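S.K.: The chain contents come next:
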Amino acid sequence: MNVSIPNILDQIIASIPLFKPELALIIGFIVCIFMALFIERRWKNSTFIGCVVTLAFSLYYLIDQLSTTGTGFSGMWLVDPLSTYARLVIICSTLIIAIFLQQRHSKNNGDVYSILLAATLGMHVLSSTSNWLMAFIGIEMVSIASYILVGYFSQNKVQSEATMKYVLFGSVCAAVMLYGLSLVYGLTGNLDFQSAAHLQGLMDAPEAIVTLALLFVFTGIGFKLSFVPFHVWSPDVYQGAPTAITAFLSTIPKVGAIVLFARLYQSWSSTAFYFSELSTWFIIVVAVVTMLIGNLAALRQQDVKRMMAYSSIGHTGLLLMVVFAYQDAFSYLLFYVVAYVIMNLATFIFIDQIEQETGSTSLLSYAGLGKKMPLLFTAFTLVAVSLIGIPPTVGFVAKLLVFTSTFSIFQSSGDTGPLLLLIVGALTAVISLFFYFKIPLYAFLRNSDQPITDKKQVSVLLIIAYILTVLVILLGIFPNWLMEKVS
Amino acid sequence: MGLLSILIFLPLVATLLILALPSSAKATYKYVALGFTFLQFGLSLYLYGNFDATLGGIQQLDAYQFVEQLAWIRMDLGAIGKLEIDYLIGVDGISLPLIVLSTLVMLMGVGASWNIDKSPKGYFALLMILNTAVMGIFSALDFFLFYVFYEIMLLPLYFLIGIWGGERREYAAIKFFIYTLLGSVLMLLVIVGLYFSVINPATGAHTFNMLHMMNPANYVDGSFFAYIANYHEVFGIPARLIGFIVLFFAFAIKVPIVPLHTWLPDAHVEAPTPVSIILAGILLKIGGYGIIRVCYSIFPDIAADTNWWLALIGVISILYGALNALAQKDLKRMIAYSSVSHMGFVLLGIASLTAEGVSGAIFQMVSHGFLSAALFFLVGVLYDRVHDRYIYNFRGLASLTPKYTAYVAIAFFASLGLPGFSAFIGEAFVIIGAFNAESMATGVPRWMAIGGSIGILLSAAYFLWTLQRMFFGQTRLKGGLAWQEALTDLNTREQVILFPALALALLLGIMPSLIFSNLNASVIQLIDLIKPYL
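Chains as they are written, first to last, in this note's numbering: chain A, 1 to 487; chain B, 1001 to 1534.
Source of the hints: derived by calculation from the structure; they are not laboratory data.
Model, not experiment: these values are computed from the prediction.
Note that beta-carbon positions come from the ideal geometry of N, C-alpha and C, so glycine has one too.
Among these hints, one or two may not hold up.
[Claimed, not checked] If you only want the chain B side, here are some residues facing chain A, beta carbon under 10 Å, derived: (1) K1030; (2) F1144; (3) S1184; (4) F1235.
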């Protein structure tokens, strides 16, 4: 290809409008580094404000992009409603995480905001590309930022251990994925997984190599999504990391990864060839196993954060079901993602609030707390109900939409795979009742003699959590409000 | 907002009011709850009085009364099509008697909660949410709406049993929850399947409307639950049969049938008295109602094929429940098992597919509703006083508490099917229906009717034997003098709660037409719906 440099430059300049939200993030990232270095000492919280302003700018440009569809940077950058909405979710939840960090870790926190922005940028990349190179850069950006975030506030051995585990596991997965990508590139000569040449290359390739390449690629995504068998890091890391970071890990990285995976699966499963069949069976088997292991392992947990780690593994199984059912309408995919993010953020804020008051994340320490903090535990229970998927909550509508779309695939194909997904999805909801309901069980049904005085202070975080809880109910009764916006 | 909506959401207003009141106004919660339930009861009686008994309902929306329809959720799901969920409520002859029953039992439940002093705010708020859910279940005509109310019902019950229950309350609460949730998540899958199989003829969109699901013409050709030329099979079993079984399973847990009944004795024994009253009086009826409204009306073809099995399950429940009741030493457990037995009649009546049988089944639900409520209340009276309900710990109560004994005797005689009381009418009609079924060729053999009659005999045995063991003979109490002093006779509040229930049992026993006249058209409509498939 002989393209003249002015042409390339023209194209890059023409693509910049599509890249504005990310440009804002990049500039904010650099500014935040300097603010943390020079200004933070004199003017406390300046970096936090810088971070919030950056996110606001990014949000503003994103809203500007709502009706835009297009590609830029020679097809590397892809902007469509799915990516825009996903980025909106990412920015909004990052904002909440930023507030979370500011409230809980007010000392020595300058650099954490710039890292948070870097992670957000990585997520943006993941959700708006169909190019392997970009995807890998995105995954690595998110991963490296997450490693730092997990270790940033570490004070004891457990937390350092969690960080080390995370880094080691993450690097190995990234390496394996890169190897898989190189195989895929070698087979197809094209890095864009939606292009015809890419699919053609996969069709022609020998089955053994394709199997290897695909499984390797899925490893990297599997690590970010923490589906089985790449989930082993998440319970330790979730438990070891500060709650604010755990809230971040359990929500935002998954949004980007799931969008990427949905795009990938949509294009790879579209043919009648071996690699499509392999992807389909892979996703079905992994979804089933992930749902089962996540929910069954959660039954035995005595620590809330660890339990939530397994719960989020279980939800990953359902997210895979969403990916499986993703065809061209992205509305239920987004709905599930939004529901998941709202529920998880609220849960972790509650967990953190309780941790602040009792100093423990053990379920046993929740005994009898329902009477002392009735509002908090009522809200917590409602969110737990939503996590199980019982109406009238957003979790139920999200689950219903997933089942609906999976059933439509089952009805048109008649395969046992989707049916299996449906049945396991339904049954794991019953299993999940056991562990989610440990929270109200301990809080309301058990009594404790421990004197705990509720501090009764109104915190910004708690107000956010209550707003999220109200959203859980409102969106459960009127899902239209969200769906109309999205579609 | 129509009357029916007001009926449903009135308790929710009560909940908000109770939550808004400061805890210094603790004593007023029960009055708020009582006032609102009383209002509800009056409203339901008004609806009953203004009900046009000539209209059938079942699968025709025009024949439903007090109908309200609002577009609720409309979602465009791209390739899958449009999601169409309505807020659609209405009543016919099958749901209205149960609504009136529910409001009455709820009133009894609030009355029985008068002495609750453990966090009354939460208690009455949950009770009122439960009330809303129950009303919603009986009025919903959209399957989505029905499911939402059905699940909402579980949450307050879990806490009511779990917080205010007896010793093993945690176990009982979670067991109850798991059983019901297991049934309902599978039900959700069938609902989704039905949604894809049915289109609304007016808009061409898929719909959750139950009435559209009852009309074979609305099924998409080749869809999963398609009617005619249905070639969908899963592992060699026709899809419609699977759908029916799953739905039946969900409701059968509620009824409950043997062998899915094991949650019931635990839940009853551990639940506080008012919750037992509501469980037995209302929630078991949701099972029977669901079988009629959902299983039989949406799957009439399968209903006609399987009614032999359903009737068999009914007979087994009658006999097994009765034999178990005979063996119980805990009074509350005995009454819980008698519920299993009496609800077996409901299943037998419905499965007989005769007009007498189905009417008898609904009548039996209503009659069992307030009779079991009265029975559990009577147990509660005893338990309140001495915190014991072990049958062998009491003897000769008649001389100690004559009024109480009289009420117990009347309630026992009414429950065992003595002519002149409502249970007799219900059980007799069920047995007549089951007996006639053979000549109507619905597939239920005569020996099942005989099995049902044996059940009545057994119920006489356990009720009378209990009466004899506890109330007659010389007064001998396990707790000695302390108990003798504690065992005061019924007070006015207790009599006010019990009297209407027992009076109603007598009234309906003498004038069953009070109920039959309103449900007849609907029952005939239901039979007509199923008849072509027999």
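S.K.: Compare the structure with each hint and give your call.
M.R.: Against the structure, the hints:
Against a cut-off of 10 Å between C-beta atoms, the interface hint on B/K1030 is violated, since the closest Cβ of chain A lies about 19 Å away. A distance limit of 10 Å between C-beta atoms decides the matter here; for B/F1144 the minimum to chain A is near 8 Å, and the interface restraint holds. Checking B/S1184 against chain A by beta carbon gives a least distance of about 9 Å; that is within 10 Å, so the hint holds. The restraint placing B/F1235 at the interface with chain A holds, with a minimum CB-CB distance near 9 Å, inside the 10 Å limit.
In summary, the one numbered hint that this structure violates is 1.
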